[in-house]
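Participant: Residues per chain, in single letters:
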Amino acid sequence: MSEPLAITLVSARTTLTAGQPAMLGLRLQHAAGWHTYWVNPGDSGLPTRVNWTLPHGFKTGEIAWPTPQRFTVDGLANFGYEGDVLLPVLLDVPADARPGSSVRVRASVKWLACHEECVPGAATLAIDLRVGSATAMSEPDAAFARARSTAPENGVWSSVARIVGDRIEVEVRGADLGDGERLDAFAEQPKLIANAPPQFSLRGGVPVLAFAKSEYFEAQPKALDLVVARPHARAIRVHAVFVAADLARPAPASPN
Amino acid sequence: MKLTFALASGLAASLFAAQAIAAVSIGAPAPDFTLTDSNGNAQTLSHYKGRTVVLEWNNPGCPFVHKHYESGNIPHQQANATSAGVVWLTINSGAAGKQGNVDGRGANEFIAQYHASPTAYLLDGDGKVGHLYGAKTTPHLFVVDASGTLRYMGGIDSIASADKDDLSKATQYVPQVLADLKAGKSPSVTTSQPYGCGVKYGP
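Which chain is which? The protein sequence lines are A and B, in order. Each residue of the first sequence is one higher than the one before, counting from 1 in the numbering used here. Each residue of the second sequence is one higher than the one before, counting from 1001 in the numbering used here.
It should be emphasised that the hints constitute simulated quantities derived from the structure, not laboratory data. Each residue gets a CB set at the ideal place from its N, CA and C atoms; glycine is no exception. Do not take every clue at face value.
Unchecked claim - Reference listing, derived: stretches of chain A covered by chain B, where coverage requires no fewer than 3 residues with Cβ under 8 angstroms from a Cβ of chain B:
| # | segment |
| --- | --- |
| 1 | 43–55 |
| 2 | 72–86 |
| 3 | 108–119 |
| 4 | 228–239 |
Just need the whole structure built from these sequences, with the hints factored in.
Facilitator: Here you go:
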């Protein structure tokens, strides 16, 4: 069997600039039929994790997870990626990084790759980057531009979540969710919603996504963070703050 | 458009219904079942009323199961539990032809290989009991108390990984739940996110 996943550490630009954030990425190339996992893997699986070893003064952010896909295997729902995908990570370059110097960034990565069966993987990757001057900034790699243009979008919509019986309803005010057809939504936090796609409705013109409560649901958190995938537009990020179900009850369902 | 939308919401509604049927819940009676074990004997959950029962979902081919067997973690927990009078039922819901599906002999070889000591290894090739409990991963653990009430469901421990190195840092939930029950207390942790391979259910 060939390897289920080829993984490389890449940089958006060939040179870094002191004091300017840079973008690194883990490029995951999955063998046909294989997938790896999002930050919330769903019913089974494990998210890809990375530990960085950085030169003094450098700092990395969290993985900027691209919009995941839903995989259903033997009736279980999994969230993750297939094909060729980039997991971008922000790198803070200190202001005192010396132009002309070279730095080595190391990433220790662990993942789980599955088709139907699963194979855990681990790799230590490294990339050498040169600190240049701001004027000599290189062109960003196209894969990073693509990742940025398809990443879930933060927007001006406001959202609240309510627990209604054995369901969690999320109102998304101000976002265009169309007629709800082929929408999907993924919760960043596990143990809140069951992993089936949401039920969509319009309540007084406001889109509402209803989810079955997870059987592992224990206590109401402050908020539920969703990535809502739309069929013909970029996915959106929704931060839904929980409010009491009996407060500010939504208007009755509109007749259409 | 309208028609498609109606069908889509119908589908979502039926998913909710399926969820409601499949799910077991903490504090509710654990559903009864009978399965044949690796030695050809019938094993019925309700026959163990009066004793605490651990249900452990298993797939001998799954790397997460390897982690917890090769390291001795699950065999150790089984030995401690059963010597204290707890019943430990290992259940395999893998369908025929899929990874980890075993017959009685295969199950007994697996037990011998890892010096495991479950009370019994139950064969659930049609996935009936797995679906009844909503078992999703291997491993996936459930604890039923002496009165037949479900007291814990979830992962084997607190660190979701396929790495043996993480075992020493992880909280092992089943021994903790068993100790709480033995002391007459409510378990301090009653659910956790199960992690591992998906259960290899049949169609």
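Participant: Each hint should be assessed against the structure and marked as holding or not.
Facilitator: Consistency of the hints with the structure:
1. 43–55: Holds: 4 residues of the segment 43–55 of chain A have a Cβ under 8 angstroms from chain B.
2. 72–86: n = 5 at 8 angstroms, threshold three: holds.
3. 108–119: holds (count 7)
4. 228–239: Violated: only 0 residues of the segment 228–239 of chain A have a Cβ under 8 angstroms from chain B.
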